[in-house]
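Novice: Below, each chain spelled out in residue letters.
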Amino acid sequence: MFLTITTTGSGGMPATDLGFLLHKHPEKAQVFSTSYGDAHVFYPVASEQRCTAALLLEVDPVALVRRGKAKGRGGAPDSALGQYVNDRPYAASSLLAVALRTVFASALRGVCDARPERAAQPLPLRIEIPAVPARGGAALVRRLFEPLGWTVEAEPVALDEQFPAWGESRYVRLALEGEMRLSAALRHLYVLLPVLDDAKHYWVSPDEVDKLLRMGDGWLPAHPEQRLITSRYLARRWSLTRQAMERLELARLAEADDSEAEEIDNAVDEEVDTEEKPLPLAVQRREAILAELRDAGANRVLDLGCGQGQLVGALLKDVRFTEVLGVDVSSRALGEAARRLRLDRMGERQSSRVRLVQGSLTYTDARLKGYDAAVLSEVVEHLDLPRLPALEYAVFGSARPATVLVTTPNVEYNVRWETLPAGHVRHADHRFEWTREEFRSWAEQVAGRHGYGVRFVPVGPDDPEVGPPTQMAVFTMTAGSTTTAKEVTPA
Amino acid sequence: MTGKRTLPVTDLSLVVLIGTTGSGKSTFARRHFKPTEVISSDFCRGLVSDDENDQGASGDAFDVLHYIAGKRLAAGRLTVIDATSVQQESRRQLVRLAREHDVLPIAIVLDVPEQVCIERNASRPDRAHLPRHVVQRQQRELRRSLRQLEREGFRKVHILRGTEEVEAAEVVLERRYNDKRELTGPFDIIGDIHGCSSELETLLGKLGYVDGAHPEGRTAVFVGDLVDRGPDSPGVLRRVMGMVAAGSALCVPGNHENKLGRWLKGKQVQHTHGLAETIEQLEKEDEQDPAFREQVREFIDGLVSHYVLDGGRLVVCHAGLPEKYHGRTSGRVRSHALYGDTTGETDEFGLPVRYPWAEDYRGRAAVVYGHTPVPSTSWINNTICLDTGAVFGGRMTALRWPEREIVDVPAERVWYEPAKPLASEAPGGHDGRPLDLADVTGRRVVETAHHGRVAVREENAAAALEVMSRFAVDPRLLMYLPPTMSPCATSQLDGYLEHPHEAFAAYRADGVGQVLCEEKHMGSRAVALVCRDAQTAGERFGVTGGVTGALHTRTGRPFFDDPAVTEQVLERLRASVTAAGLWDELGTDWLLLDAELMPWSLKASGLLRKQYAAVGAASGAVFPGVLAALESAAARGTDVAGLLERQRGRSADAASFTEAYRRYCWTTEGLDGVRLAPFQILAAQGRSLAALPHDGQLALIDRLVANDPTGLLQETRRLLVDTRDEESVAAGTRWWLELTEAGGEGMVVKPLQALVRTEDGNRLVQPGIKCRGREYLRIIYGPEYTRPDQLVRLRSRALGHKRSLALREYALGLEALDRLAAGEPLWRVHEAVFALLALESEPVDPRL
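In order, the protein sequence lines correspond to chains U and Z. Each residue of the first sequence is one higher than the last, beginning at 1 in the UniProt record's numbering. Each residue of the second sequence is one higher than the last, beginning at 1 in the UniProt record's numbering.
Please keep in mind that the hints were generated in silico from the structure rather than gathered at the bench. Treat each hint with caution, since some may be false.
[As the list claims (entries may be wrong)] Pairs of lysine-lysine residues, derived as DSBU-like cross-links and limited to a Cα-Cα distance of at most 30 Å, are as follows:
{"no.": "1", "chain 1": "Z", "residue 1": "265", "chain 2": "Z", "residue 2": "284"}
{"no.": "2", "chain 1": "Z", "residue 1": "206", "chain 2": "Z", "residue 2": "180"}
{"no.": "3", "chain 1": "Z", "residue 1": "180", "chain 2": "Z", "residue 2": "156"}
{"no.": "4", "chain 1": "Z", "residue 1": "324", "chain 2": "U", "residue 2": "369"}
{"no.": "5", "chain 1": "U", "residue 1": "369", "chain 2": "Z", "residue 2": "71"}
{"no.": "6", "chain 1": "Z", "residue 1": "267", "chain 2": "Z", "residue 2": "284"}
So that you can see chain U by itself, here it is in the shape it has in the complex (with noise of 0.2 Å):
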């Protein structure tokens, strides 16, 4: 990875102080020890009128993987991933943040013996570095680098030039001009790489908030992006971890597959609900759900794809609801779920209400048997249509519950979201979507064949014309078939 600085000099005022700033003797190449290879500076120019400092840190991509094998078998979190095959030599990532804060400390911290005055004014810069990976692309690297006074040139790097249709790449090229003192130059630099990183270089100390502080002095409380800066270059960092841990099982069973963890890990929304605010749709359902819930008298409830555990969380605030049973084929929505929920540090009378296991609606379960109801909220849609009948089978014909809510997005409601672009599902891993019509043919023809009654529930505003946004069918279980697929001990 490649970083040069250049400065130009005017009379009394020689370009080569640049060395002096950065403590680097412009005659001279050097070398630097840092964790992930060798820190390089020399100056390509270096003459009165102008002068440029260049950063190369060479790193050794095989000493990254090892760092992490300390850990056992398998090492680093993202060790299925591949690290061999990884941008970090060339792209300018949070290693190159690490560098500039190994090779230049002091310039970062704006000491200067030789020339304090200049390193007390602002110097006319121009930084360049040659691929930047910014999450977000140019547009976010002009948000960050404007506000600051910067002049940004950002010019999205071609993943090959061979396969035009696989668009850009992450990388920017980035050329940075302006008027500025040479440590907060720098600083911004610390700051904003790793920010603008996809951050798969995970760094977890104690001390990186007090380091955020002082780095930003001085800037980073009047920018506009103040906290986008501070959560990615904070908050991300742990739960990335957790998640990378989570999900290592899953990881390799993508990478089997050369495919990307990302494709088959999406149980859990990363981000959060972005629907609309006044009265989000998500809470209708839940309380069109309870509501229907209550009605049917239930106090022993299945919630089959519990997620991240919303719907427990409010059946048990509700003593009626007895017990409460979420299931999840998804073994991180269960750890998300269950940390929302604070089982570990709930009441014993409170924590024996409920359960999250591990479950897949395409087998049957035993234990998914003796139920008052079972509610599939927001579930169907994330099978394949021809498993669909697994499902049926395992619900209606195994579990058997009295009562079975599900839901389900209408498909006519979308023109409704301003947000959606026409013909998209509202969400990526949605298989299907149906219309009122095709939600409740099927819905029919599964009440039929089980032995169950079914009424249709709209949630949301219904609009006249194309209904709901969500569609609820509420199966009840009609008399006589109650205990068809129960097991009888004979005596």
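Position chain Z against the provided structure of chain U, taking the given hints into account.
Specialist: Same frame as chain U, now just chain Z:
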């Protein structure tokens, strides 16, 4: 009171020793039973309280005792309880425990004089201070108990009076009546007959029986319901009774025999469901053979509810039996065997609703039964119902065992109108019936024929469950997943990490001479299941909707998002199988193929963009600037020569890396540009082809390729090498060099004989060893891996775990194919496939 007294004890039972303290129970138990068979209350007291005599700990001690006894009985082990058991309440709990596990409770009473007990206690230091009244009280309780033991539920009661009888007693183990494991057949198991004498004779004839005996010594096994409804129940009885008496048949009772037996004993029964007809026929029979009725009564009386046969591999009973009841003896076992499991309800025809026990069945033994008329027989979870409703005008069916072959004859007419139409939702119906979670989750051990027991850890099963449930193709079409493959040992040759020498040497060391080097295609692994038509897919794999197979990835995910594209690929494959004449040649209507699908960019485009092309883009962006800067610095006289030289090398490596991945990428349009290179036919109807030698395999596949006019199918280049011949090895190496220098990924070296064990037979030989090209490995180990400093470190890669994983996964793959070939139920195939997927999530260096 002299001489030996034998005490018969059933080999699976709960033996309760009854006697006061000091009566010699422990000594008796030691003498007659294995130490592990005996659970003593004193020992359990010690376990929970550190004091064998702490009476205060009795409650907990008995909990432990019951728990251990329960575990032993569940596992089918004879268990002896060494506690005083003089109180009725304590015995009641034990009888209940025996019943819970469907074993016989047996009482052995040691009735020893009070004085003897007191003296024995006095001589033991830990009991010396036991008050005399304790023994006296126990003696009183024992006295009261003696007469009521049988009423309490003990099926055998042995009372030993006095020390002499105790000394002289001899315990003799008796086998259970239902345990006929020593009989290995071969058997012909015959379904419900219901008085259809003529059809029975036809069926017996078709099976090869001559006058009730088989010339090859086969044994007929009748699943019961010989009588009622049909025209000639006495004729059927006469035939079956004769065969059983002659030893050429076994018979278990059906519910109809049970009812007839009660009637014959003079009990009040309703003359419904065809009993009236039987009674009428028997009354006619009385005129000719007055003794017959009594013989029938005795015959029915002697029938055993079910039999465990053929070393435990086969269980025959009338109405089906869950595994926990196999070989057990209790009222409810008999009841289940006779009537099956009913839900207590009746359906709209007034018939009892049956619980589909077979759906839950996971046992190893095949259960063959009848009782529920079904339109046609089919195996479900290793169970099969042979009642095809002969008396209702259906068929009479027999199963040849161990051949698992169905032999049937049609009914001559409808002898009796059924109360309801022959239902298809009987346990045989397989429409959409899903697998059970208990088949796959948690820590599991899968028995494999080729590699023993393969364990799956819980966290790996959890990951597999998520992928299997959310992303995989329908499990009914997921018959196999390809195992991982180990690379060759690390080469020490200059500039190489992998080299064919190591692969050849490895096979030579394993005693494998002839190996086939196969070109390794660089795309994505694909498994294709192709059926002759949608009907075959429906009949053999139970799928509907016009689907004719599947094309899935290494983790079971569909290759193409659009099912129509999958069908197009299958259509082309099918056409070439047809043109090559392989359907008939292999006697099959479907084929399972292992293949590589190209280009790599088709499936891996996400990864390519995010990782491979990204590295190319970043390096491409950074090096021109770096080199220019260094050249300027050098021109100024700065000493950067070494650094510049190194950066030029790195820049060239990065360019080679970009070239390397580009070779495996090209754009496709629909199926244009898509290539499929099959390299193994894994299975066809009724057989696994995993052991077919690879030259034969490729010969079949060459014919597929030759018969594909569309250009989809691509051949696999190959070279036969003898690992013991230096010339040949050198030729193999040259071939590899040419292949890889022209941009090939490398090759896979396979034993020609495919499925090979080491010479000592102790373990499987690796089914293949991959040997990847020098340039290709840049994609794996990074652009600069060939630099000497990196290569030195990369050479210390550990292959042990990868090799072990490769063998375990190989064994699971073979197991899945074997189970598929044997027509085993879906859950058995799925178990192996699922375990293989789970193993794929084990931590192993992903670069190997």
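Novice: If a hint holds in the structure, say so; if it doesn't, say that too.
Specialist: Going through the hints against the structure:
1. Z:265 <-> Z:284: holds, 18 Å
2. Z:206 <-> Z:180: Answer holds: residue 206 of chain Z to residue 180 of chain Z is near 26 Å, not above 30 Å.
3. Z:180 <-> Z:156: holds, 22 Å
4. Z:324 <-> U:369: holds, 20 Å
5. U:369 <-> Z:71: Between residue 369 of chain U and residue 71 of chain Z the Cα gap is close to 25 Å, so the pair holds against 30 Å.
6. Z:267 <-> Z:284: holds, 21 Å
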